[in-house]
Structure formats: C-alpha cells, structure tokens
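**Student:** Chain order of the listed sequences is H and F. By the count of the working numbering, the first sequence reaches residue 1077 at its end, each step adding exactly one. By the count of the working numbering, the second sequence reaches residue 1077 at its end, each step adding exactly one.
Honestly, the hints are just simulated from the structure, not real lab data. A portion of the hints provided could be inaccurate.
Identical copies go unnamed one by one, so any copy, or any two together, can satisfy a pair.
What the hints assert, rightly or not - Each computed BS3-like pair below joins lysine-lysine, with the alpha-carbon atoms no more than 30 Å apart: (1) LYS1072 <-> LYS959; (2) LYS1004 <-> LYS1072; (3) LYS1004 <-> LYS959.
All values reported here derive from a predicted model rather than from experimental measurement.
Below are the chains, spelled out letter by letter.
2 protein chains.
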Amino acid sequence: MESPDFSKSELIPAIAQDDESGDLLMLAYMNEEAWRETLSSGRVVYFSRSRQKLWRKGEESGNVQEVRSIYLDCDADTILIRVNQIGGAACHEGYRSCLFRRINPASGETEVVGERVFDPKDVYRK
Amino acid sequence: MESPDFSKSELIPAIAQDDESGDLLMLAYMNEEAWRETLSSGRVVYFSRSRQKLWRKGEESGNVQEVRSIYLDCDADTILIRVNQIGGAACHEGYRSCLFRRINPASGETEVVGERVFDPKDVYRK
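Build out the structure end to end from the sequences listed, making use of the hints.
**Tutor:** Here it is, written out as structure tokens:
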C-alpha cells in the first residue's frame, strides 16, 4: 500500500480537479487522518490549517466533493483528486474554482475570470 | 498589483497545468524571487526546498515550462500556472506528469497511468 509520505510533513498539499472539465478547483491540505477518511468515505476531507481540525469539504455549504480518482506524485508529497463537485462551486466566495483571478504578468493586475455560481451570503450562516 | 501573500509563508505552492490538455503536471514551491522571475522571464522558476535555491525548471533537462497564463486563488496562497511544457515531460522520472500513480481507494494499491516520454538516464548526467 502506497500513501503520501506524512513522515516528511504532517500536512500534504491536495489539489482538487474537476473530473469532467479538467478545471483546477482548489488546493488545500490533508493530514493522515483526512487522507484515510477521504479514501474510506469517497468524499474529500481536508485538514483546515486555520481551524486546526478536519474539514469535511461541503459540510456547511453542501458543496461536497465526490472522489472520482486519486493520484500521488513521484515524491509522494502531492495528492491530486479528481472530483465531482456537487453544487458546481468549490470556492467559499461562490466561484466554481478558487483560482478565479488571472494575473497579467506585465502589469501585475488581476482580472476575475471565474464564474460566480452562488452568493456566499445565501449559503453560509453568520 | 496583486501577488501571492508571501507574508503568510515564504514558500507558496505553485501548480503547473498543461495549457492544451488541462493535465496537471506538477506542484512545487515559489518564494518571492522565483515568483518575480517567473513573471519577468515568461518561464517558470520554482524554489527548490531540497537544494535551497532557485530552480529554473528545465535548466538541466531542457524541459522548460513556458508561461501561458497565471492565476491566484481566493486566499492568495496558491499559484496556478498554465504552461507549454517543452519536451513533453515535466517529471524528472521521464513521465509527462509527476502525478502518474493512481491509487485504488479500496486496496491502497497504485497503478502507473502516466506515459513515459524519456529515460532519465539519457537526460541527466551523473
């Protein structure tokens, strides 16, 4: 059985990619417990660095990520999960992808290129 | 001008995605200097954690990554770069993508799903 090398680092970056479109949705981190629960539950579970606890993606918004396939990189320190993103949006700001700001390398200016699927005010209770 | 928030962390994860196929190629890290040189040179520059110095991707193998577009995530702590991967392979093991091992969630076994483009022995001198 191969798994991410949590001996190198307690937290390993995990990338969620939309299985159908190939769009990159977000990057977050997994500890070993999040990794194991992701494998066993078929839904993506991260470890929240700010809250210092397991983060079952979508537990509040309903926008869970169903696991389609899981990949490990050559050094076993990056995880890629191809997912079915329920609700169509991964980002807490309501965009399909968290990576919705494109940077112009010459000017350094950003442009919003993502599509807003929901209004965060309607989804997250205060 | 917006940029990754290097005040949170000196090193920010940067994901390289093939601009044509949408395949995820690799994840590495950038410090502020690598970020600036990536913007100004149009080629992806990482910071190597093992060597503790700038890593101009492809400087030895010739497999440079030409920048096509750059994205920043909602928290400014993840970088996505869509690239034209020269030589067709991002991984030092000769695969197109570093994420060439698929994990079976039930058994934990891995299967190589990537395509080997070159033999590392022919590319990297001892």
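**Student:** Evaluate each hint against the coordinates.
**Tutor:** Okay, the hints, checked on the actual structure:
1. LYS1072 <-> LYS959: The answer is between: 27 Å across copies meets 30 Å, while 39 Å in one copy does not.
2. LYS1004 <-> LYS1072: within (24 Å within a copy, 43 Å between copies)
3. LYS1004 <-> LYS959: both (20 Å within a copy, 19 Å between copies)
In this structure, every one of the numbered hints holds.
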